[in-house]
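*Asks:* The hints should help you fit chain B onto chain A, whose structure is shown.
Here the protein sequences come in this chain order: A and B.
Residue numbers for the first sequence follow UniProt numbering, beginning at 1 and rising by one.
Residue numbers for the second sequence follow UniProt numbering, beginning at 1 and rising by one.
No wet-lab data here; the hints were simulated from the structure.
Some hints could be false.
Since copy identity is lost for identical chains, a pair holds within one copy or between any two.
[Stated by the list, open to error] Within a straight-line C-alpha distance of at most 25 Å, the following computed SDA-like cross-link-like pairs (lysine to any residue) qualify:
{"#": "1", "residue 1": "116", "residue 2": "106"}
{"#": "2", "residue 1": "116", "residue 2": "86"}
{"#": "3", "residue 1": "23", "residue 2": "91"}
{"#": "4", "residue 1": "23", "residue 2": "119"}
{"#": "5", "residue 1": "23", "residue 2": "109"}
{"#": "6", "residue 1": "23", "residue 2": "73"}
{"#": "7", "residue 1": "116", "residue 2": "26"}
{"#": "8", "residue 1": "116", "residue 2": "7"}
{"#": "9", "residue 1": "116", "residue 2": "73"}
Number of protein chains: 2
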Amino acid sequence: MPFDPSQLTYNADGLIPVIAQEKSTGEVLMLAWMNADAITRTLETGHVTYWSRSRNSFWAKGATSGHVQHLVELRYDCDGDALLAIVHQEGPACHTNRRSCFFTAIRDGEQVELMKPME
Amino acid sequence: MPFDPSQLTYNADGLIPVIAQEKSTGEVLMLAWMNADAITRTLETGHVTYWSRSRNSFWAKGATSGHVQHLVELRYDCDGDALLAIVHQEGPACHTNRRSCFFTAIRDGEQVELMKPME
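The following block holds chain A by itself, in its conformation from the complex (with noise of 0.2 Å):
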């Protein structure tokens, strides 16, 4: 059955949450949004498009920095309200130069840092 994004289920600004896993390591690099129209930039363009929410603008992962999330593949949830992007990542992803944005563990009711700065 063809695919559309009008199908999904949005928030009230429009939106559905987007989890970016790298194909390569199974590593859960971090977590944005998207629209419908980002959606279809990402499945036309092959390179992984968001909604920036404090720009109030698509945001072509990597089109500033270079680190480009290639799109291997689109999935979505049973619900149709999350999106799981599975991508080869091109550096860091994290705008913090780490390779997830999950680099802080709870742990004993700490937080330990995971992961250091790439070079």
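*Replies:* Only chain B this time, still in chain A's reference frame:
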């Protein structure tokens, strides 16, 4: 530094998105939501407890189905507005009885089912 759930950023409904990832395989299982109290319950009990937006109540994953998520580690992202729960999932994570909720891929504009319900 001690962790306090109040340091995280919640949406207008007081919720934060949570990605559940299976420790043993790296598979992304689902995306759901927590409020600050659900985070505290999850950390205290070691059983992942979400906030159900449809039932407007705590949702101790597996309390009814037996498909418990044992917390291995809770992480949060650079902006403090998303969580990653590394878990050991008992049985299927999805209410459709599939391992993961992300069982549909978009390939060449078509929807492709990636996995069948577990026996």
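*Asks:* Confirm or reject each hint.
*Replies:* Checked hints:
1. 116 to 106: The answer is within: 16 Å in one copy meets 25 Å, while 34 Å across copies does not.
2. 116 to 86: Answer is both; intra-copy 23 Å and inter-copy 20 Å each pass.
3. 23 to 91: both (14 Å within a copy, 24 Å between copies)
4. 23 to 119: within (22 Å within a copy, 27 Å between copies)
5. 23 to 109: So residue 23 and residue 109 pass the 25 Å test across copies only (20 Å; inside, 31 Å).
6. 23 to 73: both (9 Å within a copy, 21 Å between copies)
7. 116 to 26: both (19 Å within a copy, 21 Å between copies)
8. 116 to 7: Between. Shortest inter-copy distance 21 Å satisfies the 25 Å Cα cut-off; intra-copy 40 Å does not.
9. 116 to 73: between (28 Å within a copy, 19 Å between copies)
In this structure, none of the earlier numbered hints is contradicted; all agree with it.
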